[in-house]
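Novice: Given only the sequences and the hints, what does the whole structure look like? Please build it.
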Amino acid sequence: MSATDLPQPDHARNMRVIAYCDQGGRPDGVQIMVHRGHAYIGHMFSKGFSVLDVRDPKRPRAVNYLAAPSGTWNIHLQTHDDLLLVINAKDMFAAAEFADEKAYYKGQLGKVVGTAEKRSAARDWTAGLAVYDISKPATPRRIGFMAVEGGG
Numbered sequence: 004m005s006a007t008d009l010p011q012p013d014h015a016r017n018m019r020v021i022a023y024c025d026q027g028g029r030p031d032g033v034q035i036m037v038h039r040g041h042a043y044i045g046h047m048f049s050k051g052f053s054v055l056d057v058r059d060p061k062r063p064r065a066v067n068y069l070a071a072p073s074g075t076w077n078i079h080l081q082t083h084d085d086l087l088l089v090i091n092a093k094d095m096f097a098a099a100e101f102a103d104e105k106a107y108y109k110g111q112l113g114k115v116v117g118t119a120e121k122r123s124a125a126r127d128w129t130a131g132l133a134v135y136d137i138s139k140p141a142t143p144r145r146i147g148f149m150a151v152e153g154g155g
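Take the position in the sequence shown, starting the count at 1, then add 3; the result is the number in the working numbering.
Since the hints were made in silico from the structure, they are not lab data.
All C-beta atoms in this analysis are idealised placements derived from N, C-alpha and C, irrespective of residue type, glycine included.
Any given hint could be a false lead.
As the list claims (entries may be wrong) - Here are the in silico distance ranges between beta carbons for each label pair: (1) Pro30 <-> Arg145: 20 to 30 angstroms; (2) Arg64 <-> Met18: 19 to 29 angstroms; (3) Asp8 <-> Gly153: 13 to 23 angstroms; (4) Asn17 <-> Gly40: 19 to 29 angstroms; (5) Lys105 <-> Thr142: 39 to 49 angstroms; (6) Thr142 <-> Asp103: 34 to 44 angstroms; (7) Lys105 <-> Ala141: 35 to 45 angstroms; (8) Lys61 <-> Thr142: 19 to 29 angstroms; (9) Ala97 <-> Arg19: 10 to 20 angstroms; (10) Glu152 <-> Tyr23: 36 to 46 angstroms; (11) Ser73 <-> His14: 34 to 44 angstroms; (12) Asp136 <-> Gly74: 20 to 30 angstroms.
Specialist: So, in structure tokens, the structure goes:
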């Protein structure tokens with residue numbers, strides 16, 4: 004897709020779209036951190052995070068994807084120096100408790116999804132903070148994990 008094919012937003016004054024990337028077929032990015040010419044993008048539905056090479060802003064390209072553990076999404080992340088911090092949290096959209104979407108908005112969320120108690124029953128998700136070495140930006144390497152109670 005060329006820049007001339009892209010729609011011109013009517014709400015972004017003093018800005019213009021110069022490129023588009025579908026993030027390796029995962030256009031559901033929710034949080035973006037750019038560090039050393041690479042964008043790290045958390046995904047809600049694709050369950051993981053992508054790495055895009057954005058050193059040439061007119062030609063961004065997906066270079067890596069790291070899947071989240073089963074039943075888990077990575078919608079929050081942060082970079083600092085050569086570290087990438089990624090939150091592993093319960094994928095609320097995959098939870099059987101929310102087959103009827105209305106249930107998400109009723110009652111106490113923690114009790115519904117089983118995260119309210121200090122020690123909940125067996126989990127089908129991973130909750131915690133994953134730490135990645137991004138000194139080689141295109142190839143994050145997990146170097147640590149801190150598990151937490153609750154939904155993540």
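Novice: State for each hint whether it applies.
Specialist: Here is what the structure says about each hint:
1. Pro30 <-> Arg145: 20 to 30 angstroms: Since Pro30 and Arg145 have Cβ atoms about 25 angstroms apart, the given range 20 to 30 angstroms holds.
2. Arg64 <-> Met18: 19 to 29 angstroms: holds, 22 angstroms
3. Asp8 <-> Gly153: 13 to 23 angstroms: violated, 44 angstroms
4. Asn17 <-> Gly40: 19 to 29 angstroms: holds, 24 angstroms
5. Lys105 <-> Thr142: 39 to 49 angstroms: holds, 42 angstroms
6. Thr142 <-> Asp103: 34 to 44 angstroms: Given a distance of about 41 angstroms, which is inside 34 to 44 angstroms, the answer is holds.
7. Lys105 <-> Ala141: 35 to 45 angstroms: The hinted range 35 to 45 angstroms holds for Lys105 and Ala141, with Cβ atoms some 42 angstroms apart.
8. Lys61 <-> Thr142: 19 to 29 angstroms: holds, 24 angstroms
9. Ala97 <-> Arg19: 10 to 20 angstroms: violated, 37 angstroms
10. Glu152 <-> Tyr23: 36 to 46 angstroms: holds, 40 angstroms
11. Ser73 <-> His14: 34 to 44 angstroms: About 38 angstroms separates the Cβ atoms of Ser73 and His14, which means 34 to 44 angstroms holds.
12. Asp136 <-> Gly74: 20 to 30 angstroms: holds, 26 angstroms
Of the numbered hints given earlier, the model fails hints 3 and 9; all others are met.
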